[in-house]
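Keeping the supplied structure of chain R fixed, place chain A upon it in accordance with the hints.
So the sequences go chain by chain: R and A.
160 is the number that the numbering used here gives the last residue of the first sequence; the numbers go up by one with no jumps.
260 is the number that the numbering used here gives the last residue of the second sequence; the numbers go up by one with no jumps.
Hints listed in this document are in silico derivations from the structure and should not be mistaken for laboratory results.
All residues carry an ideal CB built from backbone N, CA and C; glycine is no exception.
Heads up, a few of these hints could be off.
[As the list claims (entries may be wrong)] So the derived list for chain A, only partly shown, Cβ under 10 Å to chain R, looks like this:
{"#": "1", "residue": "F17"}
{"#": "2", "residue": "E69"}
{"#": "3", "residue": "N70"}
{"#": "4", "residue": "G113"}
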Amino acid sequence: MKKIGVLIFVNILLVILQNSFFNELFSAKFNPNLVMAFGFAFLLMNDEEVGLSSLLIGGLVYDLLTFVTVGFSSFLFLILFELCVIATHYFSKSLPFKFLLLFISATIYTFFAVSNSFGSALVVAALTLLTSIIFYLLDANLLRYFSGTELGLMRQGYRS
Amino acid sequence: MLVKKLFVAFVILALGFLGVFNPFRTVVQYIFTPVEFGLKNTASSIKDTGNFFIALKGLRDQNISLIKENQNLKSIILSLKQADDENKILRTQLNLKNRNTFDKKLLLANVMGNAKDLTGGSVIIDKGTRQGVKAGSNVILANYLVGIVKDTQSERSLVSLITSPDISATVRDIDVAQHTEGLAVGQYGTSIQMTRILPNEVINVGDTIVTSGKDGIFDANLLLGKVVKVVSVPAEPLKSAYIETQIDLANLDKVFVIIE
Chain R
1 MKKIGVLIFV NILLVILQNS FFNELFSAKF NPNLVMAFGF AFLLMNDEEV
51 GLSSLLIGGL VYDLLTFVTV GFSSFLFLIL FELCVIATHY FSKSLPFKFL
101 LLFISATIYT FFAVSNSFGS ALVVAALTLL TSIIFYLLDA NLLRYFSGTE
151 LGLMRQGYRS
Chain A
1 MLVKKLFVAF VILALGFLGV FNPFRTVVQY IFTPVEFGLK NTASSIKDTG
51 NFFIALKGLR DQNISLIKEN QNLKSIILSL KQADDENKIL RTQLNLKNRN
101 TFDKKLLLAN VMGNAKDLTG GSVIIDKGTR QGVKAGSNVI LANYLVGIVK
151 DTQSERSLVS LITSPDISAT VRDIDVAQHT EGLAVGQYGT SIQMTRILPN
201 EVINVGDTIV TSGKDGIFDA NLLLGKVVKV VSVPAEPLKS AYIETQIDLA
251 NLDKVFVIIE
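Here chain R stands alone, though its shape is the one from the complex (with noise of 0.2 Å):
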């Protein structure tokens, strides 16, 4: 409960930075999705149920915030996310393919829900790939508290 809480409270952090810090200052076509990046970190460190809860609250609070139906973005981040889960089970687990996954679904839900523009939504979606990693490599000091693993010696192994 109390992660879930906490969840709520960076969400809500990353939704209104999202809309009106990061929108101002670098305008809405080079605004990374900080709520799809936060969520889309679990899955590149293999925490897909954290990614889920993330992506739901996210995505909530982010139509609450915004000129969307209500339920909109969260159920296409859930829908996006589980299609990656199941790609990197079916294909392969090493970070390079969920790199190009995330950046994938990025393109799908920007190009969809944000802008028709391909164009954009490759920029936002690089930009929002770019963000997941910087979270992904925070982890040690944030998102290892969400998911509780050990992140340290994954990534060693990886690394290895």
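Showing chain A alone in chain R's frame:
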């Protein structure tokens, strides 16, 4: 677990379509709107500071040209004052109501960019239905038309800017005697195109374009901008012109909503 979460998301989406969450959304927006607009202002200050240092080199040249422009404007103001005095005397003589009196109520609103619009053709303002904003309300800054309210929620509204392709307004040229009319359409957040100008009608670069009010959507005599280019293709029956707005739509901070 996934099926459970997907089901929850689907139920939320279904209820969202029915508008069940609207009261909750109102509360959430009531709490977070000031925070969002505060953060936007902070980002805006950071951006301005950065831009200031970047533009430092060109500021001297800009200053010199502004001094010259200021001198020209002072002379224009002087002639306008004389015309104004003359106008007042004539109005008194004719017993006419002062046309400059804006008899509609204006509502001041803060502006925040719309993260869901990558074209920059819309913005979000911090006033909604609770403050009397309705879909279709005109949004202005000074005498300039900024856009129109497309969607409203309790605490905020979505405004389509005049440079958005969603917007078209009937306009006229006030600098030519025949008051050439046309239809102004936004060009994906960059400029405005004035279309449907008859070949025999006159329109020149530098002319001032205002709304005519004939569309019933926009009030009349709201400034759009100046003509920067006139396009006349011999094969096409109608002319078109490109209008540049005199306000910086990309860096809007505050606007006024005309409340009917």
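Hint by hint, here is what the structure shows:
Satisfaction of the interface hint for F17/A is found here, the shortest Cβ-Cβ separation to chain R being roughly 6 Å, below the 10 Å cut-off. Hint status for E69/A relative to chain R: violated, with the closest Cβ pair at about 29 Å, above 10 Å. Hint on N70/A is violated. Least Cβ distance to chain R is approximately 31 Å, over the 10 Å limit. Because the closest C-beta pair between G113/A and chain R is about 5 Å apart, less than 10 Å, the hint holds.
Checked against the numbered hints given earlier, this structure breaks hints 2, 3; the rest are met.
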